[in-house]
Structures are given as structure tokens and as C-alpha cells.
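Generate the whole structure from the sequences, applying the supplied hints.
There are 2 protein chains.
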Amino acid sequence: MSEIRRDPVIGRWVIIAPERATRPEPVPVRTPERQPAPCVFCGGQEGLDPHEIFAVRATDTLRDTPGWQVRVLPNKYPVLRIENKLEREGVGMFDRMTGVGAHEVIVETPDHDVQLADLPEPHIAAVIRTYRERMADLAGDERFKYVLIFKNQGYLAGATITHPHSQLIATPVTPKRVKEELNGAEKYYDFKRRCVFCDIIRQETHMTPERLVFENDAFVVLSPFAARVPYETWIVPKAHACDFTAIREADYLALAQALKSILLRVRTALNDPPLNYLIHTAPFRRPRPGYWATIQHDYHWHLEVIPRLTRAAGFEEGSGFYINPVAPEEAAALLRSVEINAAAPAVGRVEADILAAGPVGR
Amino acid sequence: MSEIRRDPVIGRWVIIAPERATRPEPVPVRTPERQPAPCVFCGGQEGLDPHEIFAVRATDTLRDTPGWQVRVLPNKYPVLRIENKLEREGVGMFDRMTGVGAHEVIVETPDHDVQLADLPEPHIAAVIRTYRERMADLAGDERFKYVLIFKNQGYLAGATITHPHSQLIATPVTPKRVKEELNGAEKYYDFKRRCVFCDIIRQETHMTPERLVFENDAFVVLSPFAARVPYETWIVPKAHACDFTAIREADYLALAQALKSILLRVRTALNDPPLNYLIHTAPFRRPRPGYWATIQHDYHWHLEVIPRLTRAAGFEEGSGFYINPVAPEEAAALLRSVEINAAAPAVGRVEADILAAGPVGR
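Chains as they are written, first to last, in our numbering: chain W, 1134 to 1495; chain S, 1134 to 1495.
For the record, the hints were derived by calculation from the structure and aren't laboratory data.
Accuracy of the hints is not assured; some may be wrong.
Mimicking DSSO-like on lysine-lysine, the simulated pairs with C-alpha atoms at most 27 angstroms apart in a straight line are [claimed, not checked]:
hint	chain 1	residue 1	chain 2	residue 2
1	S	Lys1278	S	Lys1312
2	W	Lys1320	S	Lys1312
3	W	Lys1325	S	Lys1312
4	S	Lys1320	W	Lys1278
5	W	Lys1209	W	Lys1278
6	S	Lys1320	S	Lys1209
7	W	Lys1278	S	Lys1309
8	S	Lys1309	W	Lys1325
9	W	Lys1312	W	Lys1278
10	W	Lys1312	S	Lys1320
11	S	Lys1218	S	Lys1309
12	W	Lys1312	S	Lys1209
13	W	Lys1278	W	Lys1309
14	S	Lys1320	W	Lys1320
15	S	Lys1209	W	Lys1320
16	W	Lys1312	W	Lys1371
17	W	Lys1309	S	Lys1312
18	W	Lys1309	S	Lys1278
19	S	Lys1209	W	Lys1309
20	S	Lys1218	W	Lys1312
21	W	Lys1312	S	Lys1312
Short, incomplete list of chain S residues facing chain W, as computed with Cβ under 7 angstroms [what the hints assert, rightly or not]:
hint	residue
22	Val1142
23	Trp1146
24	Pro1199
Okay, the calculated beta carbon distance ranges per label pair [to be verified]:
hint	chain 1	residue 1	chain 2	residue 2	range
25	W	Asp1323	S	His1373	33 to 41 angstroms
26	W	Lys1325	S	Ala1372	46 to 54 angstroms
27	S	Ser1470	W	Glu1462	48 to 56 angstroms
28	W	Leu1219	S	Gln1168	25 to 33 angstroms
29	S	Thr1341	W	Glu1275	27 to 35 angstroms
30	S	Gly1144	W	Thr1293	32 to 40 angstroms
31	W	Asn1349	S	Gly1144	27 to 35 angstroms
32	W	Thr1293	S	Ser1470	48 to 56 angstroms
33	S	Arg1335	W	Glu1462	18 to 26 angstroms
34	S	Thr1192	W	Ala1466	30 to 38 angstroms
35	W	Gly1273	S	Gln1168	53 to 61 angstroms
36	W	His1373	S	Pro1183	46 to 54 angstroms
37	S	Leu1181	W	Lys1325	47 to 55 angstroms
38	S	Glu1472	W	Glu1343	56 to 64 angstroms
Owing to the predicted nature of the structure, the values given are computational and were not obtained by experimental measurement.
No residue lacks a Cβ here, since even glycine has one placed at the ideal position from N, Cα and C.
Written as C-alpha cells, this is what we have:
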């Protein structure tokens, strides 16, 4: 059974998940071949899978049968398990807790041989809607403080399965990286009485647009001033909001457009690199009074897209510094210059019907 | 020219080093071939290099000629430059400073086709002595707050050059990861009035030795309780000391023995994986009064060895959590069980003579 251990110096939490060592994956040395279809995530293979947790599917279809557009399954090799009871204990001077959480796979399409960026915008909107539905559902579990939604695309970005999918992990502690953002945003607000992300949007769209890649009515895509890695970008909602699950129905499509745009730009400009993206949003609750009163005005959810073109090395690991060999302004200029093929696959009739039907949960 | 930028949310510093994009390195997809000897770091190629900054060499030999055992050169593709003037400026709401620092290569041996672990212990001791000499020298530069000494071994650990070498980077700000350790150690001391590392050594050697890998009179090698990655180990001096540069002459050989032991164990048990190691020590100065009074009793220098067997992915990047599929107790058991070949290459006469001669710096 996995457990969560606390580093006694830094206070960093580490998930010790010995069960995952038995998963079918060798020590990576080089990129493996693409897996052939059909795989367990493919349309028509629903009988092989664990039962679906949630799906966006045509209303006249049954759970665990074909006819779905987006489908959520429990991870077969979970790093944290929902069945566990949350228990904390000391081990001499050390601290650990049981590996309680949730680990789910969001299968983005029944089609094995596409990428998320190839899907029509309404289909990508259905993926985003699925993120929101799962996050909102897991928020009801008192044991969880946070749900991180993320995507690993390409072997060197951590993907072991070729079929397009994202993942979510719900954790009983707020992740360190999120805490750092919350603390930083709170400090900025205390000093300025303004949200730091709102200030970034204002500066980058009006004063220094050289790091802006794309914008529509509801979102900006920008290369952050202190980008960690080459071609890192953030998708930030223009309207201030700390909580991704409060996204308006009307904004699914705008976010899908922004996401598709940046994924296609990165793929075209950089020869389809491995990449990760992830959503940073407010945690479910904070262990002190007045939490929502504070966080609602100081934090701002966003989606970070991180291509994997460089290798982490000893300096980065030891210092926490990042070394980025591409200036964010140059990165943004290249990504802006990409001509995105306007003739993306049209939304097929069946697919449009499915979307109209809306989500069907468990 | 490179610059150092501050992330406006987290406060994390990022080195934007566009010059490094021109270095001869493609986007990594698979491990490249080993580079053939002779390379610019090989014995006999001294004429091709930039001038040496420091060397451990026979007393009757001249700078930039053969006869050296360990040799320090400026990095040809520095991420920070020593010639720059330290200037800080705002860019709208953002903050940056010039890329001032030092970036040096420590060539560990004139021999191309060995690893550090293959060298006799007295030779490894000369490498460690070189680390200390360079750190002590750079401490005199008022612009620098920290020197990180690290090693990238193997392509997937960030090495671009095959010839055995380590590196150092001096920075004008204290790295985030080091600050986190300093803050954590200070908090622990405030609460317990004991050094957290001393407590770890006490617990791991006396109470719970299942994570202990190796020890000699002066050092322990242990698998930390909350190891980030499979087979991570720390070498920690038994005697409390915050500052690596204060290492006693007598301890060079003991540290060399511990380092050689763990490098050979990792190589044998894990089929020569890519790895990093790095030294965490106290920064040169802290911008508040009473710094040394505090840090001298709460911080404890150490060397971290980090094999690279897993790929970082979206969850780790987004959360700051690590997922480690190998329990530290199992890792330590495997590393302890390795039979290190007692018949390591003997110290040759010439090499012994060189060591006796001691370091020759500029």
C-alpha cells in the first residue's frame, strides 16, 4: 500500500508507491514504439476496462458500452487509493500518512490515433467539461484538499500509454507548488490590493505584448516573464476567478479554442515535442478561517503548458533554479508566427449529437 | 547576455540564457553515442582548452600542460558570466538582474574512459579538495551568495560531455532549494534546539538502521526517509558542520571512500544509470544580523546522490510532489547487498606523487 511521507527538513511530501514498481514499464532509456490500436482505451474495448466513473456519451447509450466521446476510468496503477482510510502517524522523528487519494484517467476520445489538438473544439470543450465535473465531484470528499488535473503527452513527458488521455490525482494535502502560488499571490495582494495574475494580464496585453501568443474574448495565452523551460505558456482567464470549477458554461468553448491553438502551435513550431499541461486552481478548503474571503480575490486559476525540450540536471535539482535557453519573447514570437491550419477536421454529425446530449455521469 | 528573472507569483528565479541555445546540442530524444577520446578535457589536449583556473598537479609541471590529476576550466557555454556587472531593474511589474555568476568545469581525471567511481580513493579525495578550493576562492567575491557544486553523469542526467567532470555555478542569489532547507532546519532548531540532520543521523544509525547503506568514521550514507526518487541517497558528515569549506584535511579521504562506495553500489545494482550528485552547504552570507550564529548550529552540509531512473511528468511539475515507486528501505537493502570489488585499481606511483604534491592553484 502506498504512503505519503514528509521530508523532515523541507516539509515536502513524497508519495512512496511501491505497487507502481510492478507496472509494465522498464527503466526508460529511449522512446518506445507507439502502441498499436486497439488498446484498452479504444472505442469498442469497453468490456476490457474497469467500469467507467463518468462519461460524456449519447443519451441512448449505456455505461461501459460504445457511443461515448470522453470517458473517465480509475487508473489501473494508482499512486493513491480511494479505499484507504486517512491515518497519520509518526515514525520516530518522521511523519507519514496512508496513501489516500484518487487517481483517474480521462480518456479524451475513442480514437487511438489522434492527439487532443486534432479534435474539434466542441470535443475539446467536452474534455474540459469532464475535468470540471470530476473535480466538482471529488470536492465532496472531506478527505481531499486538492485535485490536480494534468496531461502527459509523449514518452519523455511521462506518458506510458499512447492513446490520448489526461489524468487527475486527488490528494489529502495541498501540493507544495500550489501552496507557493497561493502564498505568493496572497503576499502580492496584501501589498498591492490587486491580484497578481490580473496585473500580469493587464501588463502583457496592453504594455508589453511581446510575450502574448493568443487571445480570445475569455482567455489569454502568454509566455510567462520567468518561463522555466523553452516555450512554456500559460492560459489565463481574463475574468478574475480563483476556482476552475466555477467556469461558466459559455467559457468551455473559449478555453477549448485557446488550448487547441497553443497545442497546435507548439506541435507545428517544435516538431511535436513531449509536453505536459496542468491546471492550477484553488484548493478545496484551507485550514484557517476566512479562507475563501482571502483566496477569492488573491488567487487566479490557470492552465500551464510545459514542453519537454530540455533535460533536468544536477544544478536544477540542487538549486530549484531553472535554466531556460530560449527567451520568452523569442518563444512567443515563434509561437505567434505559426499558421494554424484553418481546415481542422469538422465536427461530425454523430459527435455534434453527442455533445448536444451533455454529460452522463455515473 | 544572460539575465536572471523573478517569477512574479512564486518569487522563483529563472536564468534566461539565450547564448546556450547556440551550443552544439540537438533537442534530446535518445541517448547519443559516447564521444571518442581524445576530447578537449583529455590529458595532452591542454593546448586546446581555455586556460586552467586551478589544478591539482605535480609541482614540477606548468599551468596548461600535462601532469595534472584534477583540472578546473571555465565553462565554454556559461549560464552566468563572471565579467558582468550586477544590476537589478524592474520591467513594469517584473524584476530582473544581470546574469552575473561563475560557471566552471572540474575535470576529474585526464583519462577519458573511466568514471569518477573507478578512480582510486586518493584521486577522488583530490577532486573533493578541488571542490573546496574553488568554493573557498569564489566566497571572496562579494557579488556571490552561493556556489552549487554538482555532477551530471549520463545523457539523461544532463551530461553533454562524456569525459568525467563535475561543474560549479556561483549565483548572486541563494537558490530556492537551499533556502527551503535553511528555513526548515531553522524551524526545527527553534522547536527542538537540535540540528535536524544530526537527529536524522542519530535515528538512522541507532534506532532504524534499515535505511543505512554505508558508514565510516566520518560519514554516513543513507537512503532518506522521504526519498524523492528511487535509490536517492545522502552522504552526511557525522560531526555537525554547516559549511563544506570547513571540511578537515583528514576527512577528504573518508568522504572519497563514502562517495566511491555509493557510486559503485548504484552502478552495480542499477546497471550504470544516469545520475546527479550535488553538495548542499551554507550560503556565503545571509542578509540579516546574527546569521552565522544561527546557521552554524541549525544547518548541516551534505551531498545528495540522485539516480535518474524515472521521468518527471505533469503531476510532479504541477504539484511539487514526488512519486517514488521504490521504498527507501528496499533501496537501501539492495544498495547494502552489493559486493564492491575490493580490487579497485591501485594508486599508481605517478598519481601518488601528484597527490603528495598537493594542489597548485593560480
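We went through each hint and held it up to the structure:
1. A C-alpha spacing of about 11 angstroms is found between S/Lys1278 and S/Lys1312, which places the hinted pair at or below 27 angstroms, so the restraint holds.
2. A C-alpha spacing of about 18 angstroms is found between W/Lys1320 and S/Lys1312, which places the hinted pair at or below 27 angstroms, so the restraint holds.
3. With a C-alpha separation of about 25 angstroms, the suggested pair W/Lys1325 and S/Lys1312 falls inside the 27 angstroms cut-off, and the hint holds.
4. A hinted pair counts as satisfied when its Cα atoms are at most 27 angstroms apart, and S/Lys1320 with W/Lys1278 qualifies at roughly 25 angstroms.
5. Only pairs whose Cα atoms come within 27 angstroms are accepted, and W/Lys1209 paired with W/Lys1278 is accepted, the gap being roughly 23 angstroms.
6. For the given pair, S/Lys1320 sits about 40 angstroms from S/Lys1209 by alpha-carbon distance, which is inconsistent with the 27 angstroms threshold.
7. The straight-line distance between the Cα atoms of W/Lys1278 and S/Lys1309 is roughly 25 angstroms, inside the 27 angstroms bound, and the hint therefore holds.
8. Among the hinted pairs, S/Lys1309 with W/Lys1325 is consistent with the structure: their alpha-carbon atoms are about 24 angstroms apart, no more than 27 angstroms.
9. Distance restraint check for W/Lys1312 and W/Lys1278: the Cα-Cα separation of roughly 11 angstroms lies within the 27 angstroms cut-off, and the hinted pair is therefore satisfied.
10. About 18 angstroms separates the Cα atoms of W/Lys1312 and S/Lys1320, which keeps this hinted pair within 27 angstroms; it holds.
11. About 22 angstroms separates the Cα atoms of S/Lys1218 and S/Lys1309, which keeps this hinted pair within 27 angstroms; it holds.
12. A threshold of 27 angstroms between alpha carbons decides the hint, and for W/Lys1312 with S/Lys1209 the separation of about 38 angstroms lies outside it, so the pair is violated.
13. Our distance criterion of 27 angstroms between C-alpha atoms is met by W/Lys1278 and W/Lys1309, whose separation comes to about 12 angstroms.
14. Only pairs whose Cα atoms come within 27 angstroms are accepted, and S/Lys1320 paired with W/Lys1320 is accepted, the gap being roughly 21 angstroms.
15. Of the pairs offered as hints, the one joining S/Lys1209 and W/Lys1320 is violated, with about 40 angstroms between alpha carbons and a cut-off of 27 angstroms exceeded.
16. For the suggested pair W/Lys1312 and W/Lys1371, the alpha carbons sit about 22 angstroms apart, so the restraint of at most 27 angstroms is met.
17. At most 27 angstroms may separate the alpha-carbon atoms for a hinted pair to count; W/Lys1309 and S/Lys1312 meet this at roughly 15 angstroms.
18. Our distance criterion of 27 angstroms between C-alpha atoms is met by W/Lys1309 and S/Lys1278, whose separation comes to about 25 angstroms.
19. Distance restraint check for S/Lys1209 and W/Lys1309: the Cα-Cα separation of roughly 36 angstroms exceeds the 27 angstroms cut-off, and the hinted pair is therefore not satisfied.
20. At most 27 angstroms may separate the alpha-carbon atoms for a hinted pair to count; S/Lys1218 and W/Lys1312 exceed this at roughly 34 angstroms.
21. Restraint check: the Cα-Cα separation between W/Lys1312 and S/Lys1312 comes to about 16 angstroms, which is no more than 27 angstroms; the hinted pair holds.
22. Given hint, S/Val1142 at the interface with chain W, holds; its Cβ is 4 angstroms from that chain's nearest Cβ, closer than 7 angstroms.
23. The restraint placing S/Trp1146 at the interface with chain W holds, with a minimum CB-CB distance near 6 angstroms, inside the 7 angstroms limit.
24. Interface restraint check for S/Pro1199: the shortest CB-CB distance to chain W comes to about 29 angstroms, outside 7 angstroms, so the restraint is violated.
25. Taking the beta carbon of each, W/Asp1323 and S/His1373 are about 38 angstroms apart, inside 33 to 41 angstroms as hinted.
26. With their beta carbons about 47 angstroms apart, W/Lys1325 and S/Ala1372 fall inside the hinted range of 46 to 54 angstroms.
27. S/Ser1470 and W/Glu1462 have their C-beta atoms about 53 angstroms apart, which keeps the hinted 48 to 56 angstroms range intact.
28. Our hint of 25 to 33 angstroms for W/Leu1219 and S/Gln1168 is violated, since their Cβ atoms are close to 51 angstroms apart.
29. Separated by about 33 angstroms at the C-beta atoms, S/Thr1341 and W/Glu1275 satisfy the suggested range of 27 to 35 angstroms.
30. For S/Gly1144 and W/Thr1293, the hinted distance range of 32 to 40 angstroms is satisfied, since their beta carbons lie about 34 angstroms from each other.
31. Restraint check, W/Asn1349 to S/Gly1144: a C-beta distance of roughly 30 angstroms satisfies the suggested window 27 to 35 angstroms.
32. Taking the beta carbon of each, W/Thr1293 and S/Ser1470 are about 29 angstroms apart, not inside 48 to 56 angstroms as hinted.
33. Taken as a hint, the range 18 to 26 angstroms is violated for the pair S/Arg1335 and W/Glu1462, whose Cβ atoms sit roughly 52 angstroms apart.
34. Against the hinted window of 30 to 38 angstroms, the Cβ-Cβ separation of S/Thr1192 and W/Ala1466 comes to about 55 angstroms, which falls outside the hint.
35. Taken as a hint, the range 53 to 61 angstroms holds for the pair W/Gly1273 and S/Gln1168, whose Cβ atoms sit roughly 57 angstroms apart.
36. Under the hint 46 to 54 angstroms, the C-beta atoms of W/His1373 and S/Pro1183, about 52 angstroms apart, fit the expected range.
37. Between S/Leu1181 and W/Lys1325 the CB atoms are about 54 angstroms apart, so this pair conforms to the stated range of 47 to 55 angstroms.
38. Against the hinted window of 56 to 64 angstroms, the Cβ-Cβ separation of S/Glu1472 and W/Glu1343 comes to about 59 angstroms, which satisfies the hint.
Hints 6, 12, 15, 19, 20, 24, 28, 32, 33, 34 from the list above are not met by this structure, while the remaining hints are.
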